[in-house]
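Position chain B against the provided structure of chain P, taking the given hints into account.
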Amino acid sequence: MTDLKMPTEKRFRLPDQSEWTQDLIEQIHEEVGRVARDFGLDTYPNQLEIITAEQMMDAYASVGMPVSYNHWSFGKHFMSTEKGYRRGQMGLAYEIVINSNPCIAYLMEENSLMMQALVIAHAAYGHNSFFKGNYLFRTWTDADAIIDYMLFAKNYIAECERRHGMEAVELLLDSCHALQNYGVDRYKRPARLSLQEENLRQAEREAYLQTQVNDLWRTLPRRESLDEDESHPQEQRFPGEPQENLLYFIEKSAPLLKPWEREIVRITRKISQYFYPQRQTQVMNEGWATFWHFTLLNQLYDEGVVGEGFMLEFLQSHTNVIYQPPVGSPYYNGINPYALGFAMMRDIRRICEDPTDEDRRWFPDIAGSDWRSTLDFAMRNFKDESFIAQYLSPRLIREFHFFSVLDDDENDKLLISAIHDEDGYRYVRQQLAAQYNLGNREPNIQVWAVDTHGDRTLTLRHTQYQRRPLNQQTDEVLKHVARLWGFDVRLETVDPDGSVLFSQECPWDKRHRGH
Amino acid sequence: MTYLIDRRFQGKNKSAVNRERFLRRYKKQIKQAVERAIKGRSIIDVANGEKVSIPARDVGEPSFGHTHGGVWEAVCPGNTEYLKGDRIARPKGSGGGGSGGAGNSDEVTQDDFIFELSREEFMNYFFEDLELPNLVKTQLASTTEFKSQRAGYTVSGTPTNIHVLRSLRGALGRRIAVGGASARRLRELQEELEQQLLLEPADDEAVMRLKKEIEHLKVRLTAIPFIDPFDLRYSNRVKVPKPSTKAVMFCIMDVSGSMDEQKKDTAKRFFILLYLFLTRTYDEIDVVFIRHHTVATEVDEDEFFHSRESGGTVVSSALVLLADILRERYPAGDWNAYVAQASDGDNWDRDSVTCRQILDETIMPLVQYYAYVEITDGEPQNLWYEYELIANDHPHFAMQKIESPADIYPVFRELFRKQPQ
Numbered sequence: 001m002t003d004l005k006m007p008t009e010k011r012f013r014l015p016d017q018s019e020w021t022q023d024l025i026e027q028i029h030e031e032v033g034r035v036a037r038d039f040g041l042d043t044y045p046n047q048l049e050i051i052t053a054e055q056m057m058d059a060y061a062s063v064g065m066p067v068s069y070n071h072w073s074f075g076k077h078f079m080s081t082e083k084g085y086r087r088g089q090m091g092l093a094y095e096i097v098i099n100s101n102p103c104i105a106y107l108m109e110e111n112s113l114m115m116q117a118l119v120i121a122h123a124a125y126g127h128n129s130f131f132k133g134n135y136l137f138r139t140w141t142d143a144d145a146i147i148d149y150m151l152f153a154k155n156y157i158a159e160c161e162r163r164h165g166m167e168a169v170e171l172l173l174d175s176c177h178a179l180q181n182y183g184v185d186r187y188k189r190p191a192r193l194s195l196q197e198e199n200l201r202q203a204e205r206e207a208y209l210q211t212q213v214n215d216l217w218r219t220l221p222r223r224e225s226l227d228e229d230e231s232h233p234q235e236q237r238f239p240g241e242p243q244e245n246l247l248y249f250i251e252k253s254a255p256l257l258k259p260w261e262r263e264i265v266r267i268t269r270k271i272s273q274y275f276y277p278q279r280q281t282q283v284m285n286e287g288w289a290t291f292w293h294f295t296l297l298n299q300l301y302d303e304g305v306v307g308e309g310f311m312l313e314f315l316q317s318h319t320n321v322i323y324q325p326p327v328g329s330p331y332y333n334g335i336n337p338y339a340l341g342f343a344m345m346r347d348i349r350r351i352c353e354d355p356t357d358e359d360r361r362w363f364p365d366i367a368g369s370d371w372r373s374t375l376d377f378a379m380r381n382f383k384d385e386s387f388i389a390q391y392l393s394p395r396l397i398r399e400f401h402f403f404s405v406l407d408d409d410e411n412d413k414l415l416i417s418a419i420h421d422e423d424g425y426r427y428v429r430q431q432l433a434a435q436y437n438l439g440n441r442e443p444n445i446q447v448w449a450v451d452t453h454g455d456r457t458l459t460l461r462h463t464q465y466q467r468r469p470l471n472q473q474t475d476e477v478l479k480h481v482a483r484l485w486g487f488d489v490r491l492e493t494v495d496p497d498g499s500v501l502f503s504q505e506c507p508w509d510k511r512h513r514g515h
Numbered sequence: 001m002t003y004l005i006d007r008r009f010q011g012k013n014k015s016a017v018n019r020e021r022f023l024r025r026y027k028k029q030i031k032q033a034v035e036r037a038i039k040g041r042s043i044i045d046v047a048n049g050e051k052v053s054i055p056a057r058d059v060g061e062p063s064f065g066h067t068h069g070g071v072w073e074a075v076c077p078g079n080t081e082y083l084k085g086d087r088i089a090r091p092k093g094s095g096g097g098g099s100g101g102a103g104n105s106d107e108v109t110q111d112d113f114i115f116e117l118s119r120e121e122f123m124n125y126f127f128e129d130l131e132l133p134n135l136v137k138t139q140l141a142s143t144t145e146f147k148s149q150r151a152g153y154t155v156s157g158t159p160t161n162i163h164v165l166r167s168l169r170g171a172l173g174r175r176i177a178v179g180g181a182s183a184r185r186l187r188e189l190q191e192e193l194e195q196q197l198l199l200e201p202a203d204d205e206a207v208m209r210l211k212k213e214i215e216h217l218k219v220r221l222t223a224i225p226f227i228d229p230f231d232l233r234y235s236n237r238v239k240v241p242k243p244s245t246k247a248v249m250f251c252i253m254d255v256s257g258s259m260d261e262q263k264k265d266t267a268k269r270f271f272i273l274l275y276l277f278l279t280r281t282y283d284e285i286d287v288v289f290i291r292h293h294t295v296a297t298e299v300d301e302d303e304f305f306h307s308r309e310s311g312g313t314v315v316s317s318a319l320v321l322l323a324d325i326l327r328e329r330y331p332a333g334d335w336n337a338y339v340a341q342a343s344d345g346d347n348w349d350r351d352s353v354t355c356r357q358i359l360d361e362t363i364m365p366l367v368q369y370y371a372y373v374e375i376t377d378g379e380p381q382n383l384w385y386e387y388e389l390i391a392n393d394h395p396h397f398a399m400q401k402i403e404s405p406a407d408i409y410p411v412f413r414e415l416f417r418k419q420p421q
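Taken in sequence, the protein lines are chains P and B. If you read the first sequence in our numbering, its first letter stands for residue 1, the second for the next number, and so on. If you read the second sequence in our numbering, its first letter stands for residue 1, the second for the next number, and so on.
Heads up, a few of these hints could be off.
To be verified - To give a feel for the contact side, a few chain P residues facing chain B, derived at Cβ under 8 Å: (1) Ser18; (2) Thr21; (3) Gln22; (4) Leu24; (5) Gln27; (6) Glu49; (7) Ile50; (8) Glu54; (9) Met79; (10) Ile335; (11) Phe400; (12) His401; (13) Arg468.
Calculated from the structure, these hints are not laboratory results. Source: prediction; values computed, not measured. Don't be surprised by glycine CBs; every beta carbon is placed ideally from N, CA and C.
This is chain P alone, in the form it adopts within the complex (with noise of 0.2 Å):
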């Protein structure tokens, strides 16, 4: 890299000094912009927007949203980020970008010009560019009116919390907050959000739904359809299939709620359903935007718009953020999804660029093609699980010197399962790719049936999955549940067979029902 192009028209050099200027910050964006844009990155309209430590405090407390209902949970994670911040513990992230449209990106005035061109290359070009082409964003989530629905919140939980108390509205939010991951349609897809029909259907939807559950719990059976029951009681389960979605389950089902508790719940599942793509992409998010800040700052050095002491800089930047720690070390704690993630992305322009006959064996489809259409495809159409299962490639196997270990609670000693050799690269790249599985990772969940002419009593499911028991906070949740639920609430584990091992009961006094 010491031979220096010399640029043959006149171009913008971003001089070395390490303070920045709203100027230098919209000089760099664009000469970023442009690099992108000639590599074929398609992105939202950039909003960077400037802001304190405070505010990059405030925003990491309110999972990086401009606009946010209140609650004491946020408090809390505020105060432990604030004392670790002051404490000099931990620095803060040097970036949070926000999937909506524009894509908002925030600069914190504390970085240096070139970490504020980093930033820029990572937030509002790779990680944007992420958003709105991976399909599991497109599916889940709107970016066009995110912001708009977080206000719509805010301002509805603003109005129950003046109507109906702020106690009633908090410990109805701790309730959804503890079954946020049980909110998400990992199937089906979500129907859009906007502001406005929002409040046009919100009220047309209370009344709505209140018929539909008063229809459900209609006090009085026909004397008829009470007979078959019994004598066909398959027909009149409820529900008549397992449900995953637990608060979509309880804000259409639960009989007590009232309407605007119902809306309280949907609003959460609906912001739960908004980060689930987060949650399952990390990986590969990461990996694409530390890819293309990697790639897009080098162009701009082999154009000469930036200098050495700014590459030296950013290299050490750079290269804390990839470093992967080994298994034993003292810093080790998991994979960094930053360096496999990058490490795959590169591995994947390398196959295309410089395939060697191990890569040609194992990857005839991209050998040889053009990188960039390949990283395209491959950033579409993914999440960490696929992504993994269908790109490690042997050769990383070896770099990270990844190797298997089983942990079977019936064992004394564990075993190693397979190492990066000939034999285990499949075994290995098949378990990471399972690691990565948010439905191994979260116990399996459902609803299950509800009493309907007896109790009412809610059975939920847990189908073991390797014989992993479930937490300590577990008897928590389901008083979270059956609070909810407003009746008892029970919680069967079965194995992979379907037989019931063990239940869990959390009853329900009605006298908490105050209101």
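Chain B in isolation, oriented as in the chain P frame:
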């Protein structure tokens, strides 16, 4: 199209509401934590805000998750020594973290939740539920305090008090009142002129007359001023005397030779606590510092806490001085008087009886509350027994014993806790 927005100057403290909600929700735990934090700590530290920790299980947000057990298979980076089929011992501690597969479970370890309170917040928790008992004498007569209160509008005043809305409303009304007739006439004439113009040529005499009159009316209408000094209205404020509660606190500290360095330190810490409490909770309070060995002197705050003078002990000297000051400067009708006395209880034998007499006859009728703190880790001495007699006769006399610095806060709370109404 790109937007670069500088948000640095807007919307700080967005999380303040949420932070406050957190504090409100965990008030009980935080108060306990504050009390734990206070023990054995010097007062200067107390006033500096504090790191507070409450158990993580109290503030947890539960969610469904896996825990250790069953089968976990994890891919880890950085293999240096293992081959396929190797069996290795399960690592100890951290529930099989490290190279163990169980490191994969999503369980987080339960550390205490630690956060910082500002000085202000800390002191609020610290002094909550405390008050000066029997604060009743509220008087109006000699008040020097006024508060300003809205009292409608006036037609004169200073320009800063102009009430724009009222003034313009008045102006609008005046313009309608003054110009209404002319405006109506103008409209009529204009209609008439239009009618005429349909029938007559433009230079007809009647038309000319109409035009002239219209011109005239227009001039009259424009001559009406948009706003006139007559329209101006000013916000009016009046001063209302504010009832005030005047209180005085006497701090009496024994600095005799028998009070060793540690006891003096304890006494000073007790008084600093008292002083912080008074100055924070009550806006208007006089504090009188009296220190004594064989002789009592009234000193200022700085000297009270920092001087190192010492000598023998005659407690009654301080009480005599106290009674004098009370009579001269704080007449009982106007002032709520409080006394806090700290001593090691060591006194001349005969003097303790004198003390009881002075208190019983002179001082107790004049004060709202008298708190006596004996700093000793041994048996109570003669002064304690004499004071016990007073406590039997006067319900507003309280006495407590401090054995070690850790007792300061509980004793303080005991002496000044809010009385059930």
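Going through the hints against the structure:
1. The restraint placing P/Ser18 at the interface with chain B is violated, with a minimum CB-CB distance near 18 Å, outside the 8 Å limit.
2. At its closest, the beta carbon of P/Thr21 sits 11 Å from a beta carbon of chain B; the interface hint therefore is violated under the 8 Å criterion.
3. For P/Gln22, the interface hint holds, the least distance from its beta-carbon to any beta-carbon of chain B being 6 Å, beneath 8 Å.
4. Hint status for P/Leu24 relative to chain B: violated, with the closest Cβ pair at about 11 Å, above 8 Å.
5. Checking P/Gln27 against chain B: minimum C-beta separation of about 11 Å lies over 8 Å; hint violated.
6. Hint status for P/Glu49: holds, given a least beta-carbon distance of 5 Å to chain B, under 8 Å.
7. Using the Cβ-Cβ criterion of 8 Å, the hint placing P/Ile50 at the interface with chain B is satisfied: the shortest such distance is roughly 5 Å.
8. Given hint, P/Glu54 at the interface with chain B, holds; its Cβ is 6 Å from that chain's nearest Cβ, closer than 8 Å.
9. The criterion of a C-beta within 8 Å of any C-beta in chain B is met by P/Met79, whose closest approach is roughly 4 Å, and the hint holds.
10. Interface hint at P/Ile335: satisfied, since its Cβ lies 6 Å from the closest Cβ of chain B, which is below the 8 Å cut-off.
11. Proximity of P/Phe400 to chain B holds as hinted, the smallest CB-CB distance being about 4 Å (cut-off 8 Å).
12. Look at P/His401: its Cβ gets to within about 4 Å of chain B, closer than 8 Å, so that hint holds up.
13. For P/Arg468, the interface hint holds, since its Cβ comes within 8 Å of a Cβ in chain B; the closest pair sits about 4 Å apart.
The structure is inconsistent with the numbered hints 1, 2, 4, 5, although it conforms to all the rest.
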